[in-house]
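Those sequence lines, one after another, are chains Y and Z.
Going by the working numbering, the first sequence runs without a break in its numbering and finishes at 325.
Going by the working numbering, the second sequence runs without a break in its numbering and finishes at 286.
Keep in mind that the hints were calculated from the coordinates and are not lab data.
From a predicted model like this one, the values you see are computed outputs, not experimental measurements.
Possibly wrong hints are sitting among the right ones.
[Unchecked claim] As a list, the in silico DSS-like pairs of lysine-lysine whose alpha-carbon atoms are at most 25 angstroms apart:
#	chain 1	residue 1	chain 2	residue 2
1	Y	285	Z	228
2	Y	236	Y	217
3	Y	285	Y	95
4	Z	194	Y	285
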Amino acid sequence: MVTEQAPTTAAPPSGAGPRRKPRRNLAPWLLLTPAGVAVLLVTVIPIGFLLFASFTDYDQRSLFTGEFSMVGLAQYVEIFTSGEFWKSVLRTIWFTAAMVLGTIVIGTGVAQLMTRVSAGVRYVVTVILILAWAMPNVASSMVWNWLFQPGYGVVNWLLTQLQVFGDMTNTAWANNTALAYIAIWMLVVWQAVPFVALTLYAALTQIPKDPIEAAWVDGATGWQVWWKVIMPFLRPTFLLVTIMSIIWDANVFNQIWLVSAGGPGNSTSTLGVYAFKKAFVGFEVGTGSAIAVITLLLLVAVTSVYIRNLLRSGEDL
Amino acid sequence: VSISQPTKPRRRSLRHWRANTLGILFSLVWVFPVYWMINTAFKPRSEVMTSTPTFFPSQPTLHNFIVAITQTNFLLNLRNSVIVVFITVAVSILLGLFAAAALTRFRFTGRRPIMVILLLVQMIPITSLLIPMFLIFNQVGLLGTYLGLILAYVATVLPFSIWVMRGFYVGVPLSIDEAARIDGANTWQVLTKILFPLVAPGVIATGIFAFITAWNDYILAYIFMKKETMYTLTVWLASFHTPKTGTDFGGLMAGSVLFSLPVVVFFLLIQRRLVTGISAGSVKG
């Protein structure tokens, strides 16, 4: 990231003359106004409204009549005492952890691999990574439904040919909790690995060669070189890709909704899917709003770690 | 830069060979879903719905594409997507261009809090915007309209556009503004004559990022656009079916190819900026 230079209006160089008296400048505010109004209108007000709705009993009837009543913290009490909410919190946490872990481990492996292969293979790997990354996730979810289709899916066919799991021809992945998780995990990781692999590869190519060669000469093992010499260089990049993966994976919605619809039952409903189902399937909009508020707060908590880090790393916002 | 242990030439070529094999194996696994999508898209129906899949279409056909384009709402829904996405992109670029200039070329009280708010706003999960927008749009009659969807897309795209644009402004040395000022240019002239042309590559990158985000949205359009004629392409794809055949997987894969194509092309165009652009702090999935 390029370091920001001291802007013009700050700390005028000495001897610039009386013309440079600190003036109150309206220009930045004028420039900010259109975007500010837009953010206020489409983000701040809706979030305020979400907060408001979470204190009401807004439901299907209210959509038509516009009538609802304030219920205070009742929605929150109901959510916190419902087992389904806590289950979806746990699901979100462990499924996010599983996706992030898979992405980071495979991504690191691929980045390493890319430093060792010949230029031609590296080009092929890069293009394929970008293809997987570029696929819109609605399209990739459709492809997944086809790959795992009972009766005709090629994955079912391949697994049956392996003769390890028995005849899987008619296995309906979305109807089995564990299998649905596996399919969605593969889908998300397939598309998340490219960013991690390419970013880590870029970081690996920036590492100076000398300390690594010195370590080899001193008789260090492969693991020692990796942990003691390479890792310290990679740490900031690792932190970045991990935090971004957490934010992205905790927000995965389309893939879950389009592959398993959060089912069977609620068994693959993460927080986002759970809030969505409450609000738009059961039309308990008040309850859905309260869940969305809690999700928002949790995410902001995670994110603030990232922002603190950004500030601490000397990034001049 | 190779970070593996230095070895004798013969052992090195062996390592190279092993790494290349692994690299090709990885590529085959990773490309498989894309390959299978394209493979299926060109197969006739009899070859799609078979219990023993074929790895190349024995009789390649464009039938699936023709069906997807002519016998569904594809063209109508494509038009909706194009209208909504392009207005979103234009608005985001314009507002982003101004806002990012303010945040990088001037130092004023409140600048830092605005940057932090900008970062935070990017993290808002989509469901948290979807629910209140649905309620508000329901009240004011914006459900099912282009305007409603455009407003929702601006919400998801604008903060991130400002953030990406900012990166491009930061890359332009402040001495350039300074020189223009000394030559007597006022703030507006510095912006329009000097800075905007210099950050033009940023406009393109921001535009592509915004395009991809809005083009790929599913859930907002799915909830807001209830009429099939008002669907965007994502909703069209997710609800793909032809009345006669139920889910037609050949057609579905052809549709997926058609829908993915512009995004894949854009990705390949900006691939070099992808990693740096996103690492620079733009945090959108």
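Now the hints, each set against the structure:
1. Y/285 - Z/228: Holds: residue 285 of chain Y and residue 228 of chain Z sit about 20 angstroms apart, inside 25 angstroms.
2. Y/236 - Y/217: 14 angstroms, holds
3. Y/285 - Y/95: Answer holds: residue 285 of chain Y to residue 95 of chain Y is near 15 angstroms, not above 25 angstroms.
4. Z/194 - Y/285: 51 angstroms, violated
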